[in-house]
Structure formats: structure tokens, C-alpha cells
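Engineer: Letter by letter, the chains look like this.
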Amino acid sequence: MANDTKNKVIHAKNLTKCFGTFTAVNGVNFSVSRGECFGLLGPNGAGKTSIASMIFGFSPLTEGKLLVLGQDIETEARKIKAQLGVVAQDDNLDPELTVRENLLVYATYFSIQPATAFQRSADILDFMDLSAKADSVVQELSGGMKRRLTIGRALINQPELLILDEPTTGLDPYARHIVWQRLRQLKEKGTTMLLTTHYLEEASQLCDRLMIINAGSILAEGTPFNLIETHVGQFALELEIEAQWYNKIEQWCSPLLKTSQKIGNTLILFSDQGQALTDKITTFFANNKIIPSYQRLRPTNLEDVFLKLTGKTLDTSDPHETVPTEHGGYQNGNY
Amino acid sequence: MATIKSLLRNMLTKPDINLKLSLNVFSRNLRVFRKTWKANLMFNFLEPMLYLWAMGFGLGVYISQINGLTYLEFLAPALIASSAMFATTYEMTYSSFARMGHEKIFHGIVVTPVSMDDIVFGEILYGTFKGVIYGLVFFLVVIFFGIVKSPLSLMLILPLTLMALIFSNLSLIWTSIAPNYDSFGYFFTLFISPMFLFSGVFFPIESLPIGLQFLPGLTPLYHTVAIIRPLVLGQVAWDLIGHLIWLTVVALITLRIPLIMVKNKLIK
Chain A
1 MANDTKNKVI
11 HAKNLTKCFG
21 TFTAVNGVNF
31 SVSRGECFGL
41 LGPNGAGKTS
51 IASMIFGFSP
61 LTEGKLLVLG
71 QDIETEARKI
81 KAQLGVVAQD
91 DNLDPELTVR
101 ENLLVYATYF
111 SIQPATAFQR
121 SADILDFMDL
131 SAKADSVVQE
141 LSGGMKRRLT
151 IGRALINQPE
161 LLILDEPTTG
171 LDPYARHIVW
181 QRLRQLKEKG
191 TTMLLTTHYL
201 EEASQLCDRL
211 MIINAGSILA
221 EGTPFNLIET
231 HVGQFALELE
241 IEAQWYNKIE
251 QWCSPLLKTS
261 QKIGNTLILF
271 SDQGQALTDK
281 ITTFFANNKI
291 IPSYQRLRPT
301 NLEDVFLKLT
311 GKTLDTSDPH
321 ETVPTEHGGY
331 QNGNY
Chain B
1001 MATIKSLLRN
1011 MLTKPDINLK
1021 LSLNVFSRNL
1031 RVFRKTWKAN
1041 LMFNFLEPML
1051 YLWAMGFGLG
1061 VYISQINGLT
1071 YLEFLAPALI
1081 ASSAMFATTY
1091 EMTYSSFARM
1101 GHEKIFHGIV
1111 VTPVSMDDIV
1121 FGEILYGTFK
1131 GVIYGLVFFL
1141 VVIFFGIVKS
1151 PLSLMLILPL
1161 TLMALIFSNL
1171 SLIWTSIAPN
1181 YDSFGYFFTL
1191 FISPMFLFSG
1201 VFFPIESLPI
1211 GLQFLPGLTP
1221 LYHTVAIIRP
1231 LVLGQVAWDL
1241 IGHLIWLTVV
1251 ALITLRIPLI
1261 MVKNKLIK
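Respectively, the protein sequence lines represent chains A and B. Going left to right, the first sequence walks through residues 1 to 335 as this note's numbering numbers them. Going left to right, the second sequence walks through residues 1001 to 1268 as this note's numbering numbers them.
One thing to keep in mind: the hints can contain errors.
[To be verified] Distance ranges between label pairs, derived from CB positions:
| id | chain 1 | residue 1 | chain 2 | residue 2 | range |
| --- | --- | --- | --- | --- | --- |
| 1 | B | Ile1143 | A | Asp126 | 48 to 56 Å |
| 2 | A | Asp72 | B | Leu1152 | 52 to 60 Å |
| 3 | B | Gly1217 | A | Glu63 | 48 to 56 Å |
| 4 | B | Pro1194 | A | His177 | 52 to 60 Å |
| 5 | B | Tyr1186 | A | Asp126 | 44 to 52 Å |
| 6 | B | Leu1030 | A | Asn7 | 37 to 45 Å |
| 7 | A | Asp135 | B | Ala1237 | 51 to 59 Å |
| 8 | B | Arg1009 | A | Glu63 | 18 to 26 Å |
The hints are simulated quantities; they were obtained by calculation from the structure and are not laboratory data. A virtual CB, placed ideally from N, CA and C, is assigned to each residue, including glycine.
Throw the hints in and build the complete structure from the sequences for me.
Structural biologist: What follows is the structure, encoded as C-alpha cells:
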């Protein structure tokens, strides 16, 4: 095995996961380097959680090879898990225990000495701004506090790799920003992170590099900037206009266009030259004596990339969304 | 069918158990128990007390003797075993179901160096421990009523432990296939309650129709009562060994099954 492969924090080759006849993850290849924040971006049911579950050793691989911290997850799960911090999608804290007890009990699973555990839990509570709640029972915490505690708990073993599965799903905007702030601080300290999300703002805020997945396959991979540059350019011009004009507008603007996309009755033109495009379209409207009902020039974002690649928005549910759940996978909540 | 085949195949494999980590899972449950034991212990403790009063003092007045014993002497030692049975069974059904279900406690633990086998084994240890504790608390009541005749009765901890272990295993097997909380009603109505009523706790099994007298012999409760009653009353005989062997063998045979079945339920 090449040294390069060994130095990767995660190295996945032909990673495949099937639940019965449903393929949740379809032969994906990727790797994550030390110190990087790597994002898996995709709609619900894209296979993000399935990939994450295989990495933290919960879900067995159907096919392929997966090295985590240079070791094979299928044979060295215990050793690997000792160096991971995992924040699952649902809070799985001990509801009857206090905030501090949650950390101390969790430390025992890593065989951390009580004195060390006590010190670390104090530091973590401080970092997560939960010191005042140290002796509160978890049931009494707000959703945002529970999330912070779940993330804090994942730090108790000072992990080499932090895996966060939808860390801010279900949080209000304020709580979400607090979590992002903490995650950025961890990133600055050099913590390697794998983050799954369907919030593109989260992905752009935190990820150095990301992978857009849909229906178990990788659609694109790169830095947020690169993905935008490559697939849609810098600007998007949104137009609401009668559909009969679509083709003519595209032809008229084609020298400036990177690509275009129709969604419902909106036409989006993508270009690196925003002002030139606006000028050109104004001329077109003047020539044809038409007035669009809506027109807006804006910078592009990851959602445009996603839209371009899949032809649907991130909010659109995948038809297979519930399948892993029905099969009792990691997200299973219906016992 | 495929499930049964895979179960049989897995029966022969070695579980991935690190005893120290299993004990940490046990300690976690114990820690939660220490917060709620007052309410918990009262409920489970009150019920056999009610039986003792209703049957022992109420009904018992009309019963002169059973096998040369007063009804209270006959009943009270057996309630030690049934008290343990109920404590273990409730813990390993409703409570375990919550931990592996909506509370996702197992999911939280299994991403640490603790394996699923460690977790389930820790559960089994805890279920067994809880049964023994409840049994011993009721033993104190039996002492209080002046029924305990011999210091040999302390040996009841051995059959009590084996029985609680068996009920941990059996309950977790049911929990692993239970789709929801309602399904535990079947477990109690079909298995636990009949066992409680017909395994020699309230009357000797000789009173059952001849053709059905073999049935109690298939239950862990019957064999446990058959050991505990004479121990408490100071009537030790060699045939107790047979019952002890039965309990030991069944405990060992059933131990591997919940480890496999809970894992199959949670990990896909």
C-alpha cells in the first residue's frame, strides 16, 4: 500500500452499501486528508448517512475497501473507533443523566482515567458554553444545548477525526450559528472533520472541500469555490418570462453564458460576466419590446451547482429517502 | 427461515466481548438506576408484598397446610423468585427497548471502542443484577416474617442469579423482535403470567392435570422455586442439584442468542 494512502485520514475505494435490493451508496471513491474539513452535500436519502455510518464502523460495507486513519474498518474497528469522535444525526445523549455525567460516563467507554475525564469534561463544558448547565439533567436542555453537548461528548477522547452527521438539522438559526462557530474553532485547531449536510450554507461556511452526492453516487468533488467556478460561474441572472422566449434568450446570450437552467417558470442564466450579461439582456428586451415579470442578478452559490448537476433543488426529497430507515439502518427510529 | 439459519450459524461464532467495557455499560445502567431506584424498587417490591398479604394472610387462612407447610411458608419463599423474575423481565423488555430504540443509547455507545456485543452483554449483566437485587430485598421481607429457618438459605443467591440470567436472555430475545411497546403485552400474557401462576409458586404442580404436569418443568421459575423453597425452610436435599444443573445449562445455552439477535436488529 502506498504511503500516501496510509496518510489519508479516510480512504474509500468502491465503497458500496445495499439494503436489500436498494443501493444506498453506489461504489464511491474519495479520500480525506489530515486537517481538512470534508463535506458530503446532498439531499435527504442521498446516501450521506450511510457513508458516515460505514466510516464510524456502525454499518458493515456491502462492497469495497475503507481505510480510516490508515487502518481497515472491517478488521480494526475497535482501534479506529478509539480515535474517532462521532456526532450522530439524532441526539443520543443519556436523558436521565446530568450534562457532566454524560461526559464522564462516555469517557469510560474510551477507558479514560476518571481524573483525566473530569478535567477534560470541565474544558469541554467551558468550550461549549455549558458550564452553567453542568449539573442539569439533559432532559431539561434546549435543542441547541443538547447538540452542543453531543458535539462536546464526541471530543472527550480528543479524536483524530470528528464525524458530524447533519450537525445542525432541526436547530433554530441562532443555535445553528453557535454550533458553526464552535466547529470553525475546532477546525482552526486542526481537527479533521467529515461533515454531512443538506444545508449549502453550512457546507460553504465550514468545508474546505466537498463532494456532492445524489442517489448514492458522487456528482462532483472539489472546493466550494472550484465547484462554483467549474459548473456555474460567478453570476446567476434569474428571469421570469414567458417560456416561448427561453430559447431565443439563450441563443442571444450564448457568447456570455456558462450554462443555463429552467426551473418552473424561471430561467437562470449563469455567467462569469454579470454586468455584461445584464446589459445584453436589457438590449434583448428592448429589441423585442418585452418586460420580464422578474429579473435579478446575484452571485452564484452551491445550490446552483447542485441544481445544475441534479436538475433539482436540495429541498426536493429523493424518492428513496425512507428506504434505509425502513430497513432499520442507522437512522432507524421506529421500533 | 433465512434469519433462523443465520442465527444458527452465528451461534457457533465467538462473541466480540471485552469484559471491562461490558462492565462499563453495566455501570452506566447502574448509574441511571441509582437516580431512580427509590421509585423503582417500591413498585416492584410492593407487588409481591400485595400478593403476600392477599394470598398469604387472606386466602391462606382457609388453607390449613400444603405439603406440611403453612400457606405463608409455602408462598413467601417462592415470591423471592417471582419478584426477581418480574424485575429482570421488565428491565430487559420495556427499558432495554427504550435504550436500543428511541433513546438511541446503544447507538451512542457503539461508536466508541465498545462493541455491540459488549453493550448487549452489559445489558444482560445489568438485568441479572437487578433481578438478584429485587429477589434479595424480598428475601429480607421473608426473614422479617420469620419464615427463614436456615442460614443455608443464603445459598439462594446462586439459583436466583442463574434464573435472572435466563430471564435476561429470554426477554432480550423478545425485545429484539418486538416491533413496538404493545408487543410486550403478549410476552407477559403468554409467558410470564402463566409461569407465575402455574410454576409452583401458589400451589404444588401436582395439583395440575396429570397430562400438563410436565409443563412447569420447562420453566426457569419452577426450577428456581424448587431450590429456593427448601433452602429457605432448611430442607436441603440432593435433588436440588438437578434443578441447579437445569438452570445452569439453560442459562448458558440461551446466552449467545440475544447477542446475535439484538445486533441483527440494530445493525444493517
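Engineer: Each hint: holds or not?
Structural biologist: Hints, one by one, checked against the model:
| no. | hint | verdict |
| --- | --- | --- |
| 1 | Ile1143/B x Asp126/A: 48 to 56 Å | holds (51 Å) |
| 2 | Asp72/A x Leu1152/B: 52 to 60 Å | holds (55 Å) |
| 3 | Gly1217/B x Glu63/A: 48 to 56 Å | holds (50 Å) |
| 4 | Pro1194/B x His177/A: 52 to 60 Å | holds (58 Å) |
| 5 | Tyr1186/B x Asp126/A: 44 to 52 Å | holds (50 Å) |
| 6 | Leu1030/B x Asn7/A: 37 to 45 Å | holds (42 Å) |
| 7 | Asp135/A x Ala1237/B: 51 to 59 Å | holds (55 Å) |
| 8 | Arg1009/B x Glu63/A: 18 to 26 Å | holds (21 Å) |
The structure shown violates none of the earlier numbered hints.
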